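**Q** Each chain, written out:
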Amino acid sequence: MEKTKQQKMRDFLINNGVIIVMFILVIYTGVTNKNFLTTGNFTNILMNMSSRLVIALGIAGCVITAGCDLSAGRMIGFAACIAGTLLQKVDYSGKFFPGMKPLNIFVVLLIVLAITGLFGAITGFFIAYLHVPPFIATLAMMEIVYGLALIYTNATPLGGYVTQYTDIASGKFLGVSHLIWIAIIVAAITWFIFNMTRHGKYMYAIGGNPQAAEVAGVPVKLTMILIYMKAAMMYGLAGFMLGAKAGGASVNLGYGYEMEAIAACTIGGVSVTGGRGKVSSAIIGVAVFELLKAALQYLGVNANAQYIAIGIVIFVAISLDIRKYVAKK
Amino acid sequence: MANEYKLELRGVSKSFPGVKALDNVQLAVRPGTVHALMGENGAGKSTLMKCLFGIYKMDAGEVLIDGQKVIINNPDEAMKMGIAMVHQELQPVPARSVGENMYLGRFPVWKFGPFQIINHKKMYEDTEKWLNEVDMHFDARAQLSTLSIGQMQSVEIAKAVSHDAKVIIFDEPTSSLSDNEVETLFKIMENLRKRGVAMIYISHKMDEIKRIADDVTVMRDGTYIGTWPAKDLTIDDIIAKMVGRELTNIYPAKDRTPGEVVMEVKDLSSIHERSFQNVSFNLRKGEILGFGGLVGAQRTELMEGLFGIRNLSKGEVIIHGKKVVIKNPKDAMNAGIGMITEDRRARGIFGCLSIKDNVGVSVYNKFLKAGFILDHAKINKVVDESINKLRIKTPSSKEHIANLSGGNQQKVIVSRWLANDPDILIMDEPTRGIDVGAKHEIYEIMTDLAKQGKAIIMISSEMAELLGMSDRVVVMCNGKKTGEIDTEDEMTQEKVMSYATMF
Numbered sequence: 083m084e085k086t087k088q089q090k091m092r093d094f095l096i097n098n099g100v101i102i103v104m105f106i107l108v109i110y111t112g113v114t115n116k117n118f119l120t121t122g123n124f125t126n127i128l129m130n131m132s133s134r135l136v137i138a139l140g141i142a143g144c145v146i147t148a149g150c151d152l153s154a155g156r157m158i159g160f161a162a163c164i165a166g167t168l169l170q171k172v173d174y175s176g177k178f179f180p181g182m183k184p185l186n187i188f189v190v191l192l193i194v195l196a197i198t199g200l201f202g203a204i205t206g207f208f209i210a211y212l213h214v215p216p217f218i219a220t221l222a223m224m225e226i227v228y229g230l231a232l233i234y235t236n237a238t239p240l241g242g243y244v245t246q247y248t249d250i251a252s253g254k255f256l257g258v259s260h261l262i263w264i265a266i267i268v269a270a271i272t273w274f275i276f277n278m279t280r281h282g283k284y285m286y287a288i289g290g291n292p293q294a295a296e297v298a299g300v301p302v303k304l305t306m307i308l309i310y311m312k313a314a315m316m317y318g319l320a321g322f323m324l325g326a327k328a329g330g331a332s333v334n335l336g337y338g339y340e341m342e343a344i345a346a347c348t349i350g351g352v353s354v355t356g357g358r359g360k361v362s363s364a365i366i367g368v369a370v371f372e373l374l375k376a377a378l379q380y381l382g383v384n385a386n387a388q389y390i391a392i393g394i395v396i397f398v399a400i401s402l403d404i405r406k407y408v409a410k411k
Numbered sequence: 002m003a004n005e006y007k008l009e010l011r012g013v014s015k016s017f018p019g020v021k022a023l024d025n026v027q028l029a030v031r032p033g034t035v036h037a038l039m040g041e042n043g044a045g046k047s048t049l050m051k052c053l054f055g056i057y058k059m060d061a062g063e064v065l066i067d068g069q070k071v072i073i074n075n076p077d078e079a080m081k082m083g084i085a086m087v088h089q090e091l092q093p094v095p096a097r098s099v100g101e102n103m104y105l106g107r108f109p110v111w112k113f114g115p116f117q118i119i120n121h122k123k124m125y126e127d128t129e130k131w132l133n134e135v136d137m138h139f140d141a142r143a144q145l146s147t148l149s150i151g152q153m154q155s156v157e158i159a160k161a162v163s164h165d166a167k168v169i170i171f172d173e174p175t176s177s178l179s180d181n182e183v184e185t186l187f188k189i190m191e192n193l194r195k196r197g198v199a200m201i202y203i204s205h206k207m208d209e210i211k212r213i214a215d216d217v218t219v220m221r222d223g224t225y226i227g228t229w230p231a232k233d234l235t236i237d238d239i240i241a242k243m244v245g246r247e248l249t250n251i252y253p254a255k256d257r258t259p260g261e262v263v264m265e266v267k268d269l270s271s272i273h274e275r276s277f278q279n280v281s282f283n284l285r286k287g288e289i290l291g292f293g294g295l296v297g298a299q300r301t302e303l304m305e306g307l308f309g310i311r312n313l314s315k316g317e318v319i320i321h322g323k324k325v326v327i328k329n330p331k332d333a334m335n336a337g338i339g340m341i342t343e344d345r346r347a348r349g350i351f352g353c354l355s356i357k358d359n360v361g362v363s364v365y366n367k368f369l370k371a372g373f374i375l376d377h378a379k380i381n382k383v384v385d386e387s388i389n390k391l392r393i394k395t396p397s398s399k400e401h402i403a404n405l406s407g408g409n410q411q412k413v414i415v416s417r418w419l420a421n422d423p424d425i426l427i428m429d430e431p432t433r434g435i436d437v438g439a440k441h442e443i444y445e446i447m448t449d450l451a452k453q454g455k456a457i458i459m460i461s462s463e464m465a466e467l468l469g470m471s472d473r474v475v476v477m478c479n480g481k482k483t484g485e486i487d488t489e490d491e492m493t494q495e496k497v498m499s500y501a502t503m504f
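The listed protein sequences correspond, in order, to chains A and B.
Quick note on numbering: the first sequence equals residues 83 to 411 in my numbering.
Quick note on numbering: the second sequence equals residues 2 to 504 in my numbering.
Everything labelled a hint here was simulated from the structure, so no lab data went into it.
Some clues are possibly wrong.
[Claimed, not checked] Each computed DSS-like pair below joins lysine-lysine, with the alpha-carbon atoms no more than 27 Å apart:
1) K303/A - K167/B
2) K379/B - K360/A
3) K188/B - K167/B
[Said to hold, decoys possible] These stretches of chain A come out as covered by chain B in the derived footprint (C-beta under 8 Å, 3 or more residues):
4) 226–236
5) 294–300
[Claimed, not checked] Across the chosen pairs, the derived CB separations fall in these ranges:
6) V110/B - I233/A: 52 to 58 Å
7) N98/A - V110/B: 44 to 50 Å
8) F274/A - A403/B: 25 to 31 Å
9) T224/B - I267/A: 56 to 62 Å
Because the structure is a prediction, the values reported are computed rather than measured.
By construction, the Cβ of each residue, glycine as well, lies at the ideal position given by its N, Cα and C atoms.
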């Protein structure tokens, strides 16, 4: 039976509803506000997207296995603080480690990734071996990481970074900010992992049916640990990027980003029931989020009311998305 | 004059995107009779019943009860009109008690004005009453998940009976029942017949149809073929009408000679005392070793223990003369064992993934470039080969497995294990919920594999299948091995049953 043109049109509208609405909003904002559709503004949006995308790609792995990661936001803050303390100028007055020479920036990045990766692996261990539900395990890790960040920094805000560090945000390669390059590289690597490695395929299998995965000989426990470890390292990278962009950090950096990342993933089409989701889903979701925020700002919508708009978008987007999978009567 | 039919369905049609699932189908059930609804899987039986229940909305057609036209929009309305269903796939709430499952949605309550408080005492008393009615004696307060599949089904049956329904649909009720439980079910059905209940009975088991049915309606490919009195049809007639062709011999010939012993299992025991204990057996190259027994005989558990899914308290497994230690499925696979599980949907397929990913999941280690990059070209080749070889009906390997019929899903799982090339293949109820045509194909695949020298363990609760396919049969009862039948002459239903009931 052939689908009629009308049905095809309807399916198209439902499948791409959020993106279409986004386009309309962008065009409308562009027409009413001539500063919106400018290269400068879009570079800005892309810069904002870059760290958010890295977070969303990390959390996507957790969501695809029908989990979530509440610790992302606090990991970001912790990572930004660790990087900040190690990359301050020698002559900065409020220096955290007075007199210490700033370390090599790549060494600092490796330290940050190692620390967040370790904590992610611990979360993964509890989820995989002790069967703690991801929601609870990551909630616990969220508290622990926040506490560690507070103790480590004494809740002091950090600043006075060496220029090599801030250059990551302000510097450009081929006319494109380093931040955006990092996001592109992370997206490419993630795509490779999701599609071209066993780990990626195992992730989808576990998300689709964990019991069947076990019988099929999938190393379920190891895969779960790797997913949460990999995700945490990506939060670490995002924290490192955000610190560079802001030129400073505090323990509260990144707070609430985990929720936005989960929302972005689901808006883009990562199924919270597990087994479905692509790299492109995370990219679309993050783009929708950042464009929405920027457009609302340009339209002069009250900053507080923007939260409501974002909430409505999540409701609508997920309702439409679910329609694809719920059996039709 | 009173209406001849209790329930009538007329001219029912239903289309899904791309498929016409039902085309002008009719069904008329007389009160106090059992009406068998027959057809291969995919013939549209379940779709028809879902239309009756308002789970699907029919495109055309009408429902009549006692000659009156009615419209049913959802299962709740169906229940109020006295139509109940014992589902093919159980839909209970495993974490709650038997009583709560029985009375879900209609809990007995104490009323205090607008407030209602659940009357637990009455609920459990009534539940026990209904359980006794269907000759089942277990605790109404027990958590449902602690029961066997057979017992859960009894709860479903008790639930339908408790509704005082005038029409009861049994959708493959016996597929997970032991022979004793089937007898109990038939007794209940006799009872219901006397009370004038109209019953629709969907089953693939021909001998049951001959025993219990008054009328037979046959469907094929979503169309109505005809209705006949059951006594006028032979089993061969029914099969011929269902498949539209004559099925001469459903089990392939056993023309193979098993070779040397490939696996010795000694004293395998579960950590749970009530599960399998001290089971020993040998498996030879190129043979099909059947495992018979009643539901609850712990055959599945034994195989899961062997495959590293369940913990063992003691026991030894020797493969090709070497002792192996199997702690998880990966170890089992490395030792050359593959396993096709009993519950395909829960533990076999990945519903949201493609056929390719469903086959690939166990064999990615074999298809790598540079040690870690998946070689998609090679994987595609293997998957396409098995689609051709096992005749899996699908437009492409990218199709979601959830869109295939049960038989084709099972073939995909078989492909998964063949791609892995194990020496020993455990098949737990390999043809459960699969239609006659596909069953035959699975049997042929099994026979081919045995001829190629694979050693196959087959658990089967269908006596005919067990005897028709196996070279030897091990029978279990209550976690213990109670008998082994090595010769074709001794392979009789009576012999198996006597071992299976050696409690």
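**Q** Are any of the numbered hints broken by this structure? If so, which, sorted upward?
**A** Checked against the structure, the hints that fail are numbers 1, 4, while the rest are satisfied.
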